[in-house]
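S.K.: Read off the chains here:
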Amino acid sequence: MDRDLLRQSLSYHGESLLSLMTCEQNENPDFTAIASDLAKGVCERKVADANSSTIVEQFISRKADLLFAPLWKTAEPVEHQWQEESCEPYAIMPPLEQFMDVPFEERRDIFFRDVERGDVIIGRINSIRDFGFFITLICTYGEIERDIEDLELTALCPIRDVPSNGNHDDPLSYYQVGDLIRAGLKDVDRYHGKLTISLHPSSVTSSLSSLKLGVTSREDLPIHYCRGDRVVRDSSETYERVLESTLGFSNPSNVDVLLAKLGVSETQCCSMMRGLQSKHFQEEDFAANIRKTQSASWALKCVKAGVDHFKSGRHVEAMNEYNKALEIDTNNVEALVARGALYATKGSLVKAISDFEIALESSPTHRNAKKYLCQTLVERGGQLEEEEKLVSAEGLYKKALALDEHFQDANEAFKKLQMRIQKSLKLKEEEAAAKELEKNKDVETSAEKLRKILKEEKRMKRKRKRSSSSSSTSSSSSSSSSSSSSSARRKSKKKKQKRRRSSHSEKKRHRRTSSSRRGRLSDEEGREKEGDDDDEEEWYPAPANTTSSFMNLKHPVSGIFEDDFPQAKAKRSLSLGSSSTVDVLDDSRGRFEDDPFESGPTEPAKVREPRRDRPSGSKSKDGDLNGREQGPSGDHGRPEAGPSSRRDPARSGPEGPGHRKYSSSSAASSEYARKSDRQSREFPAPVHVDVLCRHDRSEKSEKRERMRSEDNGQEDLSQNGRRSSEGGPKKDLPSNLQSIFSQIAQFEKEKSVKHKK
Amino acid sequence: MEVARTSQDRSQAADAAKGGVSQEIKTHFRVCRFIIETGVKLGMRSMPVSTACALYHKFFKTASLEVYEPYLVAMSSIYLAGKVEEQHLRTRDIINVCHRFFRPGTEPMELDGKFWELRDSVVQCELLILRQLNFQVAFEHPHKYLLHYLVSVRNLVNRHAWARAPIAETAWALLKDCYHGSICVRHPPQHLALAVLYLAVQSYGLEMPSGELEWWQALCDDISGKEIEDIMSELLKLYDMEAKCM
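Residue numbers (full-length UniProt numbering), protein chains in the order written: chain A, 1 to 757; chain B, 1 to 246.
Calculated from the structure, these hints are not laboratory results. Treat each hint with caution, since some may be false.
Using C-beta positions, here's what the derived DEER-type ranges look like [as the list claims (entries may be wrong)]: (1) B/212 / A/131: 17 to 23 Å; (2) B/105 / A/402: 26 to 32 Å; (3) A/361 / B/116: 30 to 36 Å; (4) A/238 / B/105: 30 to 36 Å; (5) A/361 / B/105: 39 to 45 Å; (6) A/89 / B/104: 39 to 45 Å; (7) A/89 / B/159: 17 to 23 Å; (8) A/314 / B/112: 19 to 25 Å; (9) B/224 / A/163: 51 to 57 Å.
Ideal Cβ positions, reconstructed from N, Cα and C, are used throughout, including at glycine.
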């Protein structure tokens with residue numbers, strides 16, 4: 001209890017309050033401890049207003065523990081800078097004394113009691129002497145507002161407290177009798193009633209220091225004085241009338257302004273009711289907290305629904321649910337983890353990583369978030385490795401290992417990468433020459449390039465005429481070169497089979513052989529890239545078979561799109577492995593004997609198309625479209641075969657980005673199996689092995705295309721420009737695709753022409 | 001919420017048998033306490049809470065407790081007061097806080113059909129209140145009078161004495177407590193403001209200069225000492241009621 005305050009109250013109300021209080025507060029240990037001490041100083045009451053005081057005393061005695069609680073004063077009144085109020089946020093009233101008609105003497109006494117040095121006063125100069133000037137006080141300014149004009153108080157401003165203006169020898173010559181002066185109180189002599197003022201800004205308290213001291217005008221007089229002046233002249237004015245006539249009183253925000261001015265806190269609940277003391281309010285009952293928990297549980301519900309969607313393969317719905325959950329409750333950890341997992345499944349590894357990281361930020365011990373982040377980081381690392389961004393890949397592996405140092409995959413990948421980096425350093429010298437060569441190549445002008453292309457094309461065509469079976473040799477060599485990839489071998493076997501069957505069409509076969517060769521090549525490259533980072537060597541090899549190397553190097557656009565198709569075929573057969581679907585494949589091939597190339601692979605593809613499209617995020621319409629396109633192509637046979645096969649790559653093109661995630665660091669089938677196995681473990685829904693593999697392949701070809709087009713961007717452009725004019729039939733396709741198609745068509749035409757010769 | 005209320009009603013019936021303050025007043029006291037508590041939990045400023053209480057009291061001045069569910073009216077009053085006083089509240093928050101008031105410690109409501117029904121009833125009841133009050137929902141509260149009085153009185157007393165005694169806080173708290181009962185709508189705002197200020201000044205035994213008029217007479221010329229006394233004793237009764245009701 002605030003003893004001083006209690007004493008003040010007791011001395012005001014006297015004995016009766018003390019006895020009442022002892023009676024009411026006898027259970028309050030705070031009071032009983034000081035009661036005897038308080039009893040000493042209490043004398044008879046000063047006020048005689050017996051009636052109302054009984055009620056007041058009753059109130060005080062009952063609420064004494066609250067009234068005199070030391071922490072009752074909630075907020076410190078803000079020490080705000082005094083500002084000259086041009087506008088009136090609340091009603092500024094004349095001093096209350098004016099309405100009360102307090103006697104002259106009492107007013108004088110309380111003025112001298114309350115006025116302090118540092119206050120600001122306004123007065124009129126009544127005489128100027130050589131040691132300074134005297135002013136008659138008119139009003140106060142700032143902290144206290146008092147009615148002092150009729151008190152006829154005078155104050156001295158000594159000459160040393162008048163700032164010199166420089167121009168005048170005598171600073172006092174600047175002032176005249178009758179001037180209004182605003183000055184700070186420098187000294188108050190309460191006994192003799194003498195005031196000394198100063199015009200130096202340092203004489204006023206800090207809250208008023210921005211005020212300009214010196215001569216002032218009538219308009220600058222404070223509002224309370226002007227209002228008070230009116231009250232003096234018109235005795236019928238009452239406090240209420242003045243109050244209600246002011247603009248500030250009708251300001252709706254005056255309550256807030258005044259609460260701040262008086263230092264009353266609105267945020268803290270203050271009440272004399274015992275049930276409303278702040279200690280009775282629990283944090284978790286507050287609206288914001290309830291909303292938070294409610295939102296969290298709502299969001300969790302959405303996440304659950306999303307996971308159900310995800311498990312049954314409706315990824316779009318699942319994503320919608322997760323996003324909704326995050327909208328309801330931003331940074332909901334479960335939603336973030338689930339969405340991250342979905343992103344990872346969709347191949348948006350970067351988004352997945354960011355989701356997991358945010359989740360871990362708000363809940364650093366979340367097990368799944370940690371686990372998934374590790375796996376995704378390794379995955380992304382593999383991706384970067386493939387993109388030759390070895391340093392960033394290394395960073396990601398390190399990050400993963402920092403999260404979980406026992407994570408096997410990260411360890412392995414990290415070691416592998418380090419080996420690779422070392423190897424690449426070793427190979428650097430050998431590479432230097434190749435790079436030099438490349439540099440020269442880069443400097444070549446586009447015209448030179450074009451010439452070169454044409455020359456090479458010619459050479460290639462010549463070669464093509466000569467050896468149609470070169471592909472088989474190259475394929476066998478390539479498959480043997482690949483270390484232990486049974487999948488590649490199986491694939492190549494199949495292709496050979498197919499080739500044998502489709503021998504009746506020279507043109508067809510030609511196309512296919514070249515494309516299948518390319519497909520194999522690309523696979524091989526992908527595989528070898530893993531073991532050996534020397535990608536340049538892959539791209540610019542000097543093998544005996546110059547044809548294939550030229551095909552790869554100089555016709556990137558047509559090459560890629562052509563090999564996409566056989567590749568997909570290879571993928572399918574690969575993914576199914578030894579399962580019975582291989583037989584289905586063979587069956588269908590048997591059925592469509594007349595056009596084995598087209599219908600063989602497309603038939604099973606139709607069956608599985610929806611599954612393949614779903615994870616890629618593109619709508620299943622894509623699959624339908626393909627089915628529709630491919631259906632007739634099988635029936636109509638060869639005339640349709642060309643365009644339909646060309647459309648195929650166009651379809652897989654846009655799908656590319658979606659598959660990126662599956663570009664693993666290894667192409668070996670065992671790797672796939674392991675990966676998919678892991679995938680199904682780490683994400684709530686199992687991911688089909690074949691889906692994974694397929695994605696991986698198409699991704700690889702996609703990437704290759706990207707890299708090549710970077711290398712040969714110029715070339716492509718020139719080619720496009722040259723050939724797009726010939727691309728007649730596909731008007732509804734985008735122009736870049738059209739040009740690609742026209743290139744393929746042109747290429748095809750040329751080939752067939754050569755053969756007919 | 002129905003359940004919680006009926007159980008409360010039963011306990012009220014038991015109280016009524018013992019006699020004392022009328023049942024109706026006690027119910028109103030409880031509901032007002034509910035409004036004020038909810039206001040604190042919703043982070044409402046004093047003005048909207050006061051408006052909500054005033055709406056509630058005005059509504060039951062003419063309506064019967066038999067016909068209308070007071071807690072629903074209270075919830076709608078809070079919602080409406082938020083609009084009137086420009087501190088917009090969300091019904092979801094109001095319902096959440098009220099739900100927890102009646103079932104302390106329980107999980108927040110599911111946002112299902114039941115929630116939306118409750119929300120609908122709150123909004124419907126808001127329209128009912130509006131009609132019942134003839135769309136006159138803006139009140140002149142004593143708050144701004146009190147604050148202006150406080151500034152004037154502060155200038156009258158020594159600044160150190162003022163700083164020592166929490167006059168402003170106490171008066172503000174007393175004024176807010178007035179809204180537990182219907183005194184807040186029965187007395188003119190100036191009188192209420194003056195009475196709580198008087199009680200606060202007297203409680204801390206602050207010396208005031210006196211002239212021809214007492215300070216409180218100067219502030220409000222149409223109030224007598226008797227009226228201040230009446231308001232103070234009514235306020236005191238409210239404090240007594242707390243012990244009886246809660």
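S.K.: Indicate, hint by hint, whether the structure satisfies it.
M.R.: Hints, one by one, checked against the model:
Here the CB-CB span from residue 212 of chain B to residue 131 of chain A is close to 41 Å, at odds with the stated 17 to 23 Å. Distance hint check for residue 105 of chain B and residue 402 of chain A: the Cβ-Cβ separation is about 42 Å, which falls outside the suggested range of 26 to 32 Å. At about 35 Å, the CB distance of residue 361 of chain A to residue 116 of chain B agrees with the hint of 30 to 36 Å. For the hinted restraint 30 to 36 Å between residue 238 of chain A and residue 105 of chain B, the CB-CB distance of approximately 54 Å leaves it violated.
A hinted range of 39 to 45 Å is violated for the C-beta pair residue 361 of chain A and residue 105 of chain B, which are about 31 Å apart. Under the hint 39 to 45 Å, the C-beta atoms of residue 89 of chain A and residue 104 of chain B, about 41 Å apart, fit the expected range. Taking 17 to 23 Å as the suggested C-beta distance range, the pair residue 89 of chain A and residue 159 of chain B conforms, at roughly 21 Å. Distance hint check: the CB atoms of residue 314 of chain A and residue 112 of chain B are about 23 Å apart, consistent with the given range 19 to 25 Å.
Between residue 224 of chain B and residue 163 of chain A the CB atoms are about 54 Å apart, so this pair conforms to the stated range of 51 to 57 Å.
The structure fails hints 1, 2, 4, 5 (numbered hints given earlier, in ascending order).
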